[in-house]
Each structure stands twice: as C-alpha cells, then as structure tokens.
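Let the hints inform the model, and build the full structure from the sequences given.
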Amino acid sequence: MIKLSPQAHDVIKSCTLDEQNCIRITEGILDRGLYLEVASAFKNIGGRYQRSIDAFVFDRSFHASFSKLQETGTFNKKEALDFYATPNSAAEYLINNLPLFQMQHNYQAFKLRQDPGLPFKVLEPSAGHGALVDAFVARFKKEFPSNPLWIDCVEIDPVNAGVLKSKGYSVTEGDFLACVPDHPYDLVLMNPPFSLKGQKDCYVEHVNHALYMLSPEGDLAAIVPKSLLDAADEKRFSLLERIVRSKGAVDVDGPFNQKDTFRESGANVSTIGLYLTKEAHPDFLPPIDLHGFEVELMHGALSDEFVRLQRNIASLGPASDQLTAKEFEQKASFILDGARKGVFVDRKNPTPFFKIVAQCCDLDSRTMYQETKKDKQIQFNF
466 MIKLSPQAHD
476 VIKSCTLDEQ
486 NCIRITEGIL
496 DRGLYLEVAS
506 AFKNIGGRYQ
516 RSIDAFVFDR
526 SFHASFSKLQ
536 ETGTFNKKEA
546 LDFYATPNSA
556 AEYLINNLPL
566 FQMQHNYQAF
576 KLRQDPGLPF
586 KVLEPSAGHG
596 ALVDAFVARF
606 KKEFPSNPLW
616 IDCVEIDPVN
626 AGVLKSKGYS
636 VTEGDFLACV
646 PDHPYDLVLM
656 NPPFSLKGQK
666 DCYVEHVNHA
676 LYMLSPEGDL
686 AAIVPKSLLD
696 AADEKRFSLL
706 ERIVRSKGAV
716 DVDGPFNQKD
726 TFRESGANVS
736 TIGLYLTKEA
746 HPDFLPPIDL
756 HGFEVELMHG
766 ALSDEFVRLQ
776 RNIASLGPAS
786 DQLTAKEFEQ
796 KASFILDGAR
806 KGVFVDRKNP
816 TPFFKIVAQC
826 CDLDSRTMYQ
836 ETKKDKQIQF
846 NF
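Quick note: the sequence shown uses my numbering, first residue 466, plus one each step.
Everything labelled a hint here was simulated from the structure, so no lab data went into it. It is possible that some hints are incorrect.
[Claimed, not checked] Pairs of lysine-lysine residues, derived as BS3-like cross-links and limited to a Cα-Cα distance of at most 25 angstroms, are as follows: (1) Lys607 <-> Lys630; (2) Lys630 <-> Lys508; (3) Lys632 <-> Lys508; (4) Lys468 <-> Lys533; (5) Lys508 <-> Lys665; (6) Lys478 <-> Lys468; (7) Lys632 <-> Lys606; (8) Lys665 <-> Lys630; (9) Lys533 <-> Lys691; (10) Lys607 <-> Lys632; (11) Lys576 <-> Lys533; (12) Lys606 <-> Lys576; (13) Lys700 <-> Lys630; (14) Lys665 <-> Lys700; (15) Lys468 <-> Lys508; (16) Lys632 <-> Lys665; (17) Lys576 <-> Lys607; (18) Lys533 <-> Lys508.
[Said to hold, decoys possible] Label-pair ranges, simulated between beta-carbon atoms: (19) Pro613 <-> Asn561: 20 to 26 angstroms; (20) Glu484 <-> Lys606: 24 to 30 angstroms; (21) Arg497 <-> Ala643: 30 to 36 angstroms; (22) Lys665 <-> Pro613: 39 to 45 angstroms; (23) Ser470 <-> Gly633: 40 to 46 angstroms; (24) Lys576 <-> Ser703: 28 to 34 angstroms; (25) Gln535 <-> Gln567: 31 to 37 angstroms; (26) Pro613 <-> Val645: 22 to 28 angstroms; (27) Ala603 <-> Asp580: 18 to 24 angstroms.
Cβ coordinates follow ideal geometry from the N, Cα and C atoms, glycine included.
Written as structure tokens, this is what we have:
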C-alpha cells in the first residue's frame with residue numbers, strides 16, 4: 466500500500482473523472498516531484514498519459530479506484546507485469562501488413578476464400594486491453610465479411626482481463642507461458658512483455674511459446690524490441706535463427722522504429738514488427754549456423770511471388786528431390802522488392818551473403834545475385 470504526500474493528495478482531490486474516463490490535473494503547473502507522484506498514482510490505477518489531450522486516459526470505468534484514491538490518498542502498487550498498452554498506430558500498422566491482407570497467394574487467405582464457413586482462429590497472448598485483436602477484427606470483417614472469427618485472449622492481470630471480457634472476447638486469466646492450447650491457431654498477434662523482474666528478454670520465450678500454438682502454415686505477428694537484432698546473447702540469436710529458417714520478415718517501417726511511439730503508454734523503446742509463418746514441414750529445413758553473421762535491414766515489402774515460392778518449397782520438401790533443375794530455375798527466379806526481411810551479411814565481407822538462402826532451400830550454394838542500388842531491388846538467380 467502506497468500513501469500519498471498531503472500535497473499530492475490535495476491535487477488528486479481537486480481532479481474529476483469525466484464521462485470519457487479522462488482525468489486532468491486542474492491545480493495549474495506542478496513542480497516535477499509532485500507531478501511524478503500524482504502521475505504514478507494514476508498509472509497504478511490503470512491510467513496512461515495522453516499528451517494530445519493533456520489528460521490521463523482510462524480504457525474503462527475506474528470510478529471505484531479513483532474514488533478510493535481521492536478519499537484515502539492511498540493505492541496498491543501494481544505488480545511488475547510490464548504492461549504498456551499498444552498504441553493504435555502501431556496496432557493498425559502491424560495488422561495492415563499481415564500476410565493475410567498483403568499477399569495474393571497467402572495460404573490462409575486462400576483457405577478462407579475456399580471455405581467461407583471455416584472459423585479463423587486468432588489468439589492474442591498477454592493481451593492487455595486487446596488493441597491488436599481490436600484492429601484485426603475491424604480489418605478482417607472488411608476483407609472476409611462471410612467468415613466467422615474465433616478470438617481467444619490470455620491475460621494475467623485481472624483488471625485487464627475485465628476490459629477484454631467487456632469487449633466480448635473469450636479470456637483465459639493466467640500466465641501465457643503456462644497455457645496449453647485446446648486447439649491450434651491460424652494467427653497469433655502479440656505485443657509480449659519485453660522484460661520482467663529477473664527475466665531479461667522474456668519476449669523470446671513468449672514468441673517461441675506462441676509459435677508452438679500455431680497450426681501448420683499459421684502466421685504470427687509480434688511487436689518486439691529492436692534490440693533483438695543485436696543477437697547479443699543465445700536467446701536472441703536462437704530467435705533470429707528461427708526467423709530465417711521459417712522465411713520470416715522483420716519490419717522497421719512505419720511507427721515501429723520510433724522511440725516516442727510507446728511514450729504515451731509509459732515506455733521509451735524502439736521496436737520492430739516481426740512476421741513468422743510456422744513451417745508445414747519443418748523437417749525439410751536443415752540446421753543453419755548463423756555464427757559470424759549480422760542482420761542488415763532493408764526497406765520494402767516481400768513480393769507475392771516470393772511468398773508463393775516459399776509456400777511451394779515448404780509443401781514440396783527439398784527442391785532437389787522434388788523438382789528438376791530447369792523446373793526450379795523457372796520457379797525460383799524472382800525479385801525481392803526492397804526486402805522487408807533481414808538480409809544476412811558476412812561480417813568478414815560486407816556484401817550480402819545469400820548462401821544461407823540456398824541452404825534454406827537445399828540448393829547448390831553457388832547462388833548468384835545482382836543488386837541495383839538505385840531502386841533497392843535484389844535479383845536472385847539460382
């Protein structure tokens with residue numbers, strides 16, 4: 466239990482909670498120490514400061530908590546759950562760039578169009594207030610109005626779980642890492658906790674656990690810290706390896722690579738978007754040794770042809786076993802538009818190192834490439 470100073474208590478007693486669940490400080494300009502004390506109290510009862518309206522905003526009614534705070538000048542300190550609400554701009558950007566909505570040949574989109582009665586199963590773990598599923602539902606209903614949706618959320622904070630239930634979502638209350646799914650999901654959307662007390666980079670475990678819950682060819686989209694790309698330890702390194710093996714994409718465009726994106730939620734961190742697809746036949750992908758490589762990011766978007774080729778490789782198995790050299794040459798000549806994915810670079814040689822692509826596809830390692838720097842296109846020829 467935290468007790469406010471008399472000065473902070475007086476400031477809070479003068480505040481009101483309006484119908485939009487916003488609190489504004491009406492006592493004029495406060496000194497920094499007093500302001501931080503008041504702001505901490507508001508954040509601990511579920512508020513977040515929104516600079517554009519100069520107010521603390523609550524996503525549902527917190528009248529009881531606010532009344533107690535005004536009356537007693539005390540509040541219960543939140544456990545360190547590392548909850549930072551996903552800003553709408555980041556949520557919408559992540560959703561709008563999902564393969565489901567971007568790729569003409571996406572497997573999930575094809576499946577939905579072939580069977581409009583098939584429910585599309587979506588999970589948001591550590592869902593907070595459900596910003597990601599909110600944005601997804603709005604877009605999905607426009608793209609696939611005839612298809613039913615199955616939305617599940619997991620949330621450890623009872624207050625946040627109440628917000629999700631008030632929106633009509635099915636909610637499992639508890640630690641996501643302890644959850645065992647009843648069925649696989651077609652899509653997982655996540656903004657996992659980046660670090661918790663005693664659990665540095667815990668987002669890696671959350672992403673790996675979410676991949677376990679996907680159906681074959683299922684997609685995962687996540688907001689993770691940009692520090693993943695440093696690969697400074699084994700945990701981050703293993704996730705980067707998995708991204709390459711599953712032909713994943715790293716997105717640094719839009720609102721992700723801006724520290725102030727999450728500032729209104731109380732965080733100050735650069736993030737990236739992460740897109741992964743669970744392999745239909747993971748045994749076909751050989752082990753990849755990434756030691757000695759670093760990630761160089763390039764901007765753009767993956768072409769439909771590239772994604773279609775990935776699907777074919779995953780479903781057919783090693784190309785050398787399933788296709789003749791000529792057939793594969795016809796199928797595998799494509800342009801990667803800019804590249805929204807990380808291109809691995811040999812640290813000893815600062816030119817793109819595409820042998821890893823050949824290794825993923827079980828091809829001859831004599832991979833040739835030509836790079837047009839002007840329009841940032843990369844032509845692959847196998």
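| query | Hint by hint, which ones does this structure get wrong, listed from lowest number up? | reply | 8, 9, 11, 13, 16, 21, 25
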